[in-house]
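Construct the complete structure from the given sequences, taking the supplied hints into account.
Keeping their order, the protein sequence lines are chains A and B.
Per my numbering, the very first residue in the first sequence carries number 7; after that it's consecutive.
Per my numbering, the very first residue in the second sequence carries number 168; after that it's consecutive.
Don't read these hints as lab results, they were simulated from the structure.
Certain hints may be false.
Said to hold, decoys possible - Label pairs and their computed distance ranges (CB to CB):
#1 A:Met190 with B:Ala232: 21 to 31 Å
#2 B:Leu331 with A:Pro28: 53 to 63 Å
#3 B:Leu348 with A:Pro31: 31 to 41 Å
#4 B:Val240 with A:Asn159: 18 to 28 Å
As the list claims (entries may be wrong) - Over the 10 Å line for every Cβ pair with chain A, so calculated as not near, a few chain B residues:
#5 Tyr176
#6 Leu178
#7 Ile190
#8 Gln253
#9 Val261
#10 Asp309
#11 Leu316
#12 Leu333
#13 Ala341
#14 Val350
#15 Val363
Glycine is no exception: its CB is placed at the ideal position from the N, C-alpha and C atoms.
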Amino acid sequence: MEAQVLQFIQPLAGPLWGWVEPVWPLLWTLLKIVAILAPVVAAVAYLPYFERKVIAYMHVRIGPNRVGPFGLLQPIADALKLMFKEVIVPTKASKALYILGPIMGLAPALIAWAVIPFDTGLVLANIDAGVLYLLAISSIGVYGIIISGWASNSKYAFIGAMRATAQMVSYEISMGMALIVVLMVSNSLNLSAIVMAQGKGTFANMGLGLLSWNWLPLLPMFMVYLISGVAETNRAPFDVVEGESEIVAGHMIEYSGMAFALFFLAEYANMILISAMVSIFFLGGWLSPVGFLPDSVWWLIAKISVILFLFLWFRATFPRYRYDQIMRLGWKVFLPLCFLWIVVVGVWMMSPLNIWK
Amino acid sequence: MEFKTFVFYLLATIMVLAALRVITARNPVHAALSLVLAFFNAAGIWLLLHAEFLAIALIMIYVGAVMVLFLFVVMMLDINIDRLRQGFWHYLPVGGLVGLLMVGEMSVVLGGNYFGLESIAPPDIPGGFSNTKMLGRLLFTDYVYPFELASIVLLVGIIAAVMLTLRSRKDTKAMHPSDQLKVQRKDRIRIVSMPVEKKEGGE
Chain A
7 MEAQVLQFIQ PLAGPLWGWV EPVWPLLWTL LKIVAILAPV VAAVAYLPYF
57 ERKVIAYMHV RIGPNRVGPF GLLQPIADAL KLMFKEVIVP TKASKALYIL
107 GPIMGLAPAL IAWAVIPFDT GLVLANIDAG VLYLLAISSI GVYGIIISGW
157 ASNSKYAFIG AMRATAQMVS YEISMGMALI VVLMVSNSLN LSAIVMAQGK
207 GTFANMGLGL LSWNWLPLLP MFMVYLISGV AETNRAPFDV VEGESEIVAG
257 HMIEYSGMAF ALFFLAEYAN MILISAMVSI FFLGGWLSPV GFLPDSVWWL
307 IAKISVILFL FLWFRATFPR YRYDQIMRLG WKVFLPLCFL WIVVVGVWMM
357 SPLNIWK
Chain B
168 MEFKTFVFYL LATIMVLAAL RVITARNPVH AALSLVLAFF NAAGIWLLLH
218 AEFLAIALIM IYVGAVMVLF LFVVMMLDIN IDRLRQGFWH YLPVGGLVGL
268 LMVGEMSVVL GGNYFGLESI APPDIPGGFS NTKMLGRLLF TDYVYPFELA
318 SIVLLVGIIA AVMLTLRSRK DTKAMHPSDQ LKVQRKDRIR IVSMPVEKKE
368 GGE
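Quick look at the structure:
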C-alpha cells in the first residue's frame, strides 16, 4: 500500500519531495497510527450512546433522543459540557500524579492497537511477540487506577483504587492462562499467525470456517476469557468499582471535567480492545464464517460489534457480584479450570486425535 | 550521531535520573513510581539490543505485577521518613564500602578487557530472526531440566508464602459461597402445622 501512496504523493510534492524523504518513514507510521486510532476514538465516543440506547430499549424506555436526530449528537453535547467544566485538583493532592492518572488509564488502551491485525498483512507492527506485548500493555493499565486513587488524597478514592486494582490483577492472571492454551494450539505468539491457524482444519475445508475457530475446541477457555475480559474492564456485573447504587465512584471520585471524562473514555476504549482481542484469539479475526464469502476486515468489525453488544447486554441483565465472590470466581474457579484445560489440551495435542496439525 | 545511539543516550539519561529519584525522593510512593520509570527505560534499552522477549517480560513481570503489589504495600504503610534517615552517618562507612565494591565490579565487567569483550564480534542477526522463538526452543530443549528445577523452586516459594500467612480464625464471620450454595430449604425454614382457628363472629 505504501508504494501506491508514494506514487500519488511524489508528483504532488514535486521539488519539495527532497525535504520530505528523510522523514517519510516517520510520517508514514504516523499516518497509519491516525488511520487506526481515528475509528477507534470515534467508536469510543459513540459506544456510550449505544449503551444508553440498547439498555433503554431493554428496559422499554426510549433513551437519549433530544440532541439531534435520534439523539445522535448526544456524545458531542456530553463532550462539550465536560470540556468546559473546571478540572478541580484537591488540596494536598500530588498534582503531577493526579494529572498523570487518567492519562495512564487511557494510553495503554490505545497503544495496544499497534499489534492488532485487521487483515492479512494489514497491521501496524507485525511482531512475533504480539501476544506478550498485549499482555504487558494491558498490565500497565492498572497504574492509571492506582495512581489516581492515591494522588487524590481521599480515603474513598484510595479504597476504590485498592478494590479495582486487586480485581484487575486477579483477572489478568486467568486471562493470561486462557491465552496460553490458545498459544499451544496455534503454535505462535504472532497475532496474524494465530488468526491464520484458525482458518485450517476439517470444517474450514468443508466451507464451515465458523466451526474451526478456537471458540469451539477451546470453549471453556473462550468463556473464561470473555468473562475475565468483562471483569478486567470493571463492567457490570463486576462493576464494584463504581457501583452506582451502593458506593461512591471509586478511584475517580475527586475528578471532574475532562479528567473524569478520560476515565470514561478509557473504560470504553478497553471494552473495544477486549472485544477485538476476543475476536482475534477465539473468533477467527478477519476470517469469513462460511466458505463462499470472502475474508475481509468487515468480519472483524462485525465480530467486535457482537462482543460489544454482549457487554451491554450483560449490564442490562445480571445483578452485581459481591466482592468476595468476584475474588472467588477469579482465583478458585477460573484459575484451576485454566490449569486443568492446559493439561487436557496438552494431552489432546499429543494424542492421535490432535486436530491442530 | 546515529539515531540508535541518540535513542540509547536518551533512555539511559532518563533511567539514571529516575534511579536517582528512587533514592532521593522523600515520598516512598514517588520513589516506587520512579523505579517503574527506570524499569521502562531499561526495557527500552533491551529492545535496542534486539532482546524483545526480555524487554516485554520485564514490563509484564516487574512493572505489571511486582511493582503494583509493591505500591499496594507502600501506599498502605505509614512510613516515617525522619526515623528512616536517623542512622545515616552511622551506616555510611558500611554502605560506602559495599557501593565502592559494586562500582569496582561493574567497571571490571563493563571495561571489557577482563572478559575480552572487544575481541567478540557483534552477532550477525538476520532479518526474520525471532528472539522469543529461539529462547523458547532453548529453554525447552537444552535447558529443560534447569528450567523445570527453577519452576519447582518458585512453586515451593508460593506454597511456603501461602502457608505462612494462612490461618483460619474461628471468630470471623466470613461467608463461604460453597456453604451458601449447599443450603437446602429444610435448613432454613420449618413448616409447623397448626390447627385452623375460627374467626370470632364469622359468617
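Going down the list of hints, with the structure as the test:
1. For Met190 of chain A and Ala232 of chain B, the hinted distance range of 21 to 31 Å is satisfied, since their beta carbons lie about 22 Å from each other.
2. Checking the proposed 53 to 63 Å range against Leu331 of chain B and Pro28 of chain A shows it holds: the Cβ atoms sit about 60 Å from each other.
3. Restraint check, Leu348 of chain B to Pro31 of chain A: a C-beta distance of roughly 59 Å breaks the suggested window 31 to 41 Å.
4. Between Val240 of chain B and Asn159 of chain A the beta carbons are some 19 Å apart, a value that agrees with the proposed interval 18 to 28 Å.
5. Look at Tyr176 of chain B: its CB is around 19 Å from the nearest CB on chain A, clear of 10 Å, so calling it non-interface holds up.
6. With a cut of 10 Å on Cβ distances, Leu178 of chain B stays outside the contact zone with chain A, its closest approach being about 17 Å.
7. With a cut of 10 Å on Cβ distances, Ile190 of chain B stays outside the contact zone with chain A, its closest approach being about 19 Å.
8. Every CB of chain A lies more than 10 Å from the CB of Gln253 of chain B, the least distance being 25 Å, so the non-interface label holds.
9. No beta-carbon of chain A is positioned within 10 Å of the beta-carbon of Val261 of chain B; the least distance is around 33 Å.
10. The beta carbon of Asp309 of chain B sits about 20 Å from the closest Cβ of chain A, which is more than 10 Å, so the claim that it is off the interface holds.
11. Its beta-carbon lying about 20 Å from the closest one in chain A, Leu316 of chain B satisfies the requirement of being farther than 10 Å from that chain.
12. Taking the minimum C-beta to C-beta distance to chain A, about 14 Å, the non-interface status of Leu333 of chain B holds against the 10 Å cut.
13. Its closest Cβ contact with chain A, about 8 Å, brings Ala341 of chain B to no more than 10 Å, contrary to its assignment away from the interface.
14. Its beta-carbon lying about 15 Å from the closest one in chain A, Val350 of chain B satisfies the requirement of being farther than 10 Å from that chain.
15. For Val363 of chain B, the shortest C-beta to C-beta distance to chain A comes to about 39 Å, beyond the 10 Å cut-off, and the non-interface label holds.
Violated hints, in rising order: 3 and 13; the structure is consistent with all others.
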